[in-house]
Amino acid sequence: DQQVKQNSPSLSVQEGRISILNCDYTNSMFDYFLWYKKYPAEGPTFLISISSIKDKNEDGRFTVFLNKSAKHLSLHIVPSQPGDSAVYFCAATVGNSGGYQKVTFGTGTKLQVIP
Amino acid sequence: KAGVTQTPRYLIKTRGQQVTLSCSPISGHRSVSWYQQTPGQGLQFLFEYFSETQRNKGNFPGRFSGRQFSNSRSEMNVSTLELGDSALYLCASSRGTGQTGELFFGEGSRLTVL
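Line by line, the protein sequences give chains A and B. The numbering of the first sequence is our numbering, which starts it at 1 and goes up by one. The numbering of the second sequence is our numbering, which starts it at 1 and goes up by one.
Quick caveat, the hints were computed from the structure, so don't treat them as lab data. No experiment lies behind these values; they were computed from the predicted model shown. We treat Cβ as the ideally placed atom computed from N, Cα and C, and that holds for glycine. Treat each hint with caution, since some may be false.
To be verified - The list that follows gives simulated cross-link-like pairs (lysine to aspartate or glutamate, EDC-like), each with its CA atoms no further than 16 Å apart: (1) A:37 <-> B:75; (2) B:57 <-> B:75; (3) A:37 <-> A:84; (4) A:110 <-> A:59; (5) A:37 <-> B:82; (6) A:102 <-> B:82; (7) B:13 <-> B:82; (8) A:68 <-> A:42; (9) A:37 <-> A:59.
Said to hold, decoys possible - If we take Cβ atoms under 10 Å as the criterion, some of the chain A residues that face chain B in the derived model are: (10) 2; (11) 20; (12) 36; (13) 43; (14) 62; (15) 63; (16) 91; (17) 101; (18) 104; (19) 107.
As the list claims (entries may be wrong) - Non-contacting residues of chain A with respect to chain B, defined by C-beta distances greater than 10 Å in every case (computed): (20) 24; (21) 53; (22) 68; (23) 93; (24) 102.
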C-alpha cells in the first residue's frame with residue numbers, strides 16, 4: 001500500500017524554466033511533508049518541508065505547495081539549474097505526542113535539467 | 001560535525017547467507033532509522049530505534065532485524081538472504097524528539113545477493 005505516490009518517474013526541463021514535481025498521498029493523518037533530493041552514490045538530503053497548517057512554504061528557488069483537500073503537494077523549482085538534476089523524493093510523517101518519526105517516502109521522480 | 005557513517009559501503013553475498021550493516025549517527029542524535037531502496041519502490045521503511053528501543057517497524061519479514069547500542073550506533077541484520085534483498089540500505093539519524101521528520105542520511109550500504 002503506497003501511501004505516498006509520485007506518479008511521474010522522470011521529468012526533463014530546460015535550464016532557466018520552472019520544474020514542477022508532484023506528489024499525492026492517501027493517509028489523511030499525515031501532518032508534515034518533506035522533499036528530499038538524492039544524487040547518485042549519495043544519501044538523500046533534506047530540501048524543504050511544510051506543515052499541514054500551511055499551504056505554501058518558500059526557500060529561495062524552491063517552493064512547496066500543499067492542497068490538503070486534494071491530498072496533493074508539489075515542489076516548484078524556479079529557475080531550474082543543471083545542478084538540480086537529481087532524484088526527488090516526496091515524504092510524509094505523522095506527528096504524535098511521543099515524537100515518533102516514521103517517515104513514509106514516495107518512489108521518487110528523476111529530474112533532468114537540460115543546459 | 002561528522003555526518004552519518006555507514007559500513008560497509010558495498011558488499012556481495014550469496015543466497016542463504018546473513019549480513020550485518022552498521023550505522024553511526026550524527027553526534028547527539030538518538031534516533032536511527034533504516035530504509036531499503038530498490039528501483040521503482042522508493043525508500044521502504046524498515047525500522048526506527050530510539051534510545052536502544054525499537055519504536056517503529058515497517059512491513060518487512062522477520063529476517064530483517066536491528067538493534068541500537070547505548071552510544072546510539074545501530075546495526076541491522078538480514079538473515080537467510082534472498083535475491084530480492086539486493087538493494088541500497090540507507091540509515092538516517094535525527095534527534096528523535098519533535099515531529100518534523102527531518103532525517104540525515106548516510107551514503108548507504110549497497111548489498112548484492114547472488
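Hints, verified against the model:
At roughly 25 Å between alpha-carbon atoms, residue 37 of chain A and residue 75 of chain B are farther apart than 16 Å, so this suggested pair is violated. Distance check on the hinted pair: residue 57 of chain B and residue 75 of chain B sit about 15 Å apart at the alpha-carbon level, within 16 Å; holds. Using a Cα cut-off of 16 Å, the hinted pair residue 37 of chain A and residue 84 of chain A holds, with the two alpha carbons roughly 9 Å apart. For the hint pairing residue 110 of chain A with residue 59 of chain A, the CA-to-CA distance comes to about 21 Å; that exceeds 16 Å, so the pair is violated.
Our distance criterion of 16 Å between C-alpha atoms is broken by residue 37 of chain A and residue 82 of chain B, whose separation comes to about 29 Å. For the suggested pair residue 102 of chain A and residue 82 of chain B, the alpha carbons sit about 26 Å apart, so the restraint of at most 16 Å is broken. Restraint check: the Cα-Cα separation between residue 13 of chain B and residue 82 of chain B comes to about 10 Å, which is no more than 16 Å; the hinted pair holds. At most 16 Å may separate the alpha-carbon atoms for a hinted pair to count; residue 68 of chain A and residue 42 of chain A exceed this at roughly 32 Å.
For the hint linking residue 37 of chain A to residue 59 of chain A, the alpha-carbon distance of about 14 Å falls within 16 Å, and the restraint holds. At a threshold of 10 Å, the smallest CB-CB gap from residue 2 of chain A to chain B is about 8 Å, leaving the interface hint in force. With a cut of 10 Å, the hint placing residue 20 of chain A at the interface with chain B is violated, because the nearest CB-to-CB distance is about 19 Å. For residue 36 of chain A, the suggested interface contact is upheld, since its CB lies about 8 Å from the closest CB of chain B, less than 10 Å.
Given hint, residue 43 of chain A at the interface with chain B, holds; its Cβ is 3 Å from that chain's nearest Cβ, closer than 10 Å. Hint on residue 62 of chain A is violated. Least Cβ distance to chain B is approximately 15 Å, over the 10 Å limit. Look at residue 63 of chain A: its Cβ only gets to about 18 Å from chain B, farther than 10 Å, so that hint breaks. Satisfaction of the interface hint for residue 91 of chain A is found here, the shortest Cβ-Cβ separation to chain B being roughly 7 Å, below the 10 Å cut-off.
At about 5 Å, the closest approach between the beta carbon of residue 101 of chain A and any beta carbon in chain B falls short of 10 Å, and the interface hint on this residue holds. For residue 104 of chain A, the interface hint holds, the least distance from its beta-carbon to any beta-carbon of chain B being 7 Å, beneath 10 Å. Hint status for residue 107 of chain A: holds, given a least beta-carbon distance of 4 Å to chain B, under 10 Å. The Cβ of residue 24 of chain A sits about 13 Å from the closest Cβ of chain B, beyond the 10 Å cut-off, so the non-interface label holds.
Against the 10 Å criterion, residue 53 of chain A stays outside the reach of chain B, whose nearest CB is about 12 Å from its own CB. For residue 68 of chain A, the requirement that its beta carbon stay farther than 10 Å from each beta carbon of chain B is met, with the minimum near 17 Å. At the 10 Å boundary, the C-beta of residue 93 of chain A falls inside the reach of chain B, the nearest C-beta of that chain being 4 Å off. Non-interface call for residue 102 of chain A relative to chain B: violated, since the shortest CB-CB distance, roughly 4 Å, does not exceed 10 Å.
In summary, the numbered hints that this structure violates are 1, 4, 5, 6, 8, 11, 14, 15, 23, 24.
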